[in-house]
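Below are the chains, spelled out letter by letter.
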Amino acid sequence: MTNMKTCLGGAALLAGAAMFAGTATAAETIKIGASLAVTGPASFLGDPEAKTLELYVDQINKDGGVNGKELELIVYDDGGNANKARTFATRLVEDDGIVAMVGGSTTGATMAMVPVFEDAGIPFISLAGAVVIIDPVKEFIFKTPHTDRMACEKIFTDMKARGIARIGMISGTGGFGKSMRSQCLDVVGNYGIEIVADETYGPKDSDMTPQLTNIKSADGLQAVINPGFGQGPAIVTRNYSQLGFDVPLYQSHGVASKSFIDLAGDSAEGVRLPASALLVAEKLPDSDPQKAVVTGYKSTYEDATGQPVSTFGGHAYDGLMILVEAMKRAGSEDPAAIRDEIEKTSDFMGTAGVVNMSADDHLGLDLSAFRMLEIRDGDWSLVE
Amino acid sequence: MPALLSHRLAVPLVIALVVVALSFALPSNFYLRVAALVWISALAVIGLNLLMGYAGQVSLGHAGFFGLGAYAVAVLPAQFALHPLLAALVGAVICGLIAFVVGRPILKLKGHYLAVATLGFGILIAMAISNEAWLTGGPDGMPVSRMTLFGWRARGAETWYWITGGLLVVGAWIAVNLVASPTGRALRALHDSEVAARVAGIDVARYKVRVFVISAVYASVAGSALALVNGFVTPETANFMHSIELVTMVVVGGMGSILGSVAGAAILVVLPQVLTAFHEYEHMLLGLMMMVIMIVLRSGIVPSLAALIQRRRK
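Just so you know, the protein sequences line up as chains G and B, in that order.
Start counting the first sequence at 0; every next residue gets the next number (numbering that gives the first Met the number 0).
Start counting the second sequence at 0; every next residue gets the next number (numbering that gives the first Met the number 0).
Where hints are given, some of them may not hold.
Stated by the list, open to error - Here are some, though not all, of the chain G residues that point toward chain B, as calculated from beta-carbon distances under 10 Å:
#1 Gly-79
#2 Arg-90
#3 Ala-127
#4 Lys-177
As the list claims (entries may be wrong) - Listing some non-contacts, in silico: residues in chain G with all C-beta distances to chain B over 10 Å:
#5 Ala-164
#6 Gly-264
#7 Glu-332
These are calculated hints, taken from the structure and not from any lab test.
Remember, it's a predicted structure, so these values are computed and weren't measured experimentally.
We put the CB at the ideal spot given by N, CA and C, even for glycine.
Excised from the complex, chain G in its bound form:
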């Protein structure tokens, strides 16, 4: 592929023609589609997802494929744009003739594609976060990532165990922060916890001291929770320690990456957050049933790409493996049969946790999917 860079014009055209011919003549393969945000603002999701799918489809084919046939993966780059995703979904169904679909990186793109797969009767495993994808349940639609609501529940469970009942909330106004804030407000009552201060900040704000000062003055404050994504939470964490809060700070799974600790520095000490087991793969005790899966995926991905593993690629791994196992159980490439088997997935151990799907749960994860972490000495450590 590298020599194509040097003589772009003609060579690229020829290569393209060859690829066209290649896909046209390849027979007896099982076609799987994916439309991912490989480029654009959501590429931090789509890029590791696409790499993971390509990596593991190659590996599965080397090991003899599925039901004696090779898998053929068709990936399109929708850039996170819902309209493009919808077009690619139509193309995958109508033109490429896929039997199943993995991916949709963003909630918007996924929701735009849902009607295409519902109409065509082809199973679609989404890699996007929001709970609307599977609630209400749609016949052919599944998803692998845990939801924001589960992150809220995990945090509130931990708070309750520590005897915390009055909390402040400061959330970002981006898609992630907004969605998680409303999910947290929805479930907070179930835990006997009261939100005594509710503040927000914009995605580009560089100082959250005023909002935090408001929260600090709330009566009987016992903890603060910060649903947010990107660098906002790092700034909140810095301001939080500058203002000398003496109650614990909870961050969301949205900041579960090393760069958060780098940005927040010493202020991050003692911050708790729910995160995927992938983040602490090596720190899990050997007795942990998830350890083999997460360390296996982590080393495979990092060896092949030379990039640090992310939970998003893990969602793609889970989606592909759930699909492959369903196809093996079904013993055919009939989309309806595959759908039925995906729905019967039970005790599947993925990077996100144990998956047990049913007719009214197309996600199948429980709260054990999340690990509660605390940042100690500039590194993650398991709380449980």
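Using the hints provided, position chain B relative to the given structure of chain G.
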């Protein structure tokens, strides 16, 4: 033949023939969908071309109107149980009113200043759409209820192919009539020289606002059509990149050419689908082709080719 081609109705007729002919040639729903997306984009581009190509005013915020039209058919039926067609109409009226109100002060600006002002306006609408989550669903977008008409549900790629194709023909027909009217002549006059136009007794400010309103309504209707076709809207329909895409379609197809608008839309919608075969080189090739088109066919595809054919004939 030349006399026939120069007739006012030739352009919408050609477009109608293309729509009908393509319907026989396209093999699957995927192609029908891509064609429907071309018709929708072309409709918005024709409106923008009236503003840019005929009146010579730039707008870098047209996706704002497009987005308003799209969200009108999503929000109004959901909140007020309005029929989608009525919602599209309300959206178009709202866009026209907004264009009328902001048009007067904005269109006093010229060149770069006008570009920046319209850009700011577009970004403002995009921000409002992604921030007012209680109304618009925020950055994740919101669903659009399917359109029913006398108990018949509009769904399926083929239905929408015909609906959007019909809209485009009507849009093109209105546009050629407008261009041939005194308003059209006034617009071209102020494109060439505002001072000369004013001397000739043309109310420059009024005509500018008028064409701005018309182009906003075109964008709004196109946006409504896209929302109904997709059954789902996201804030990207209103964002800055989409505005740039619309402007690019106008320039590539040819400023001041209705057929060019369709050609520009077709190229920018279809090319990315063709180029997916090149995987990671997709975006590079798209950029390269745009550059080549602009260097070789300097005044846009349709006007450049038309000039070429005319020169050959002589």
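Hint check, failures only: Of the numbered hints given earlier, the structure breaks none, since each of them holds.
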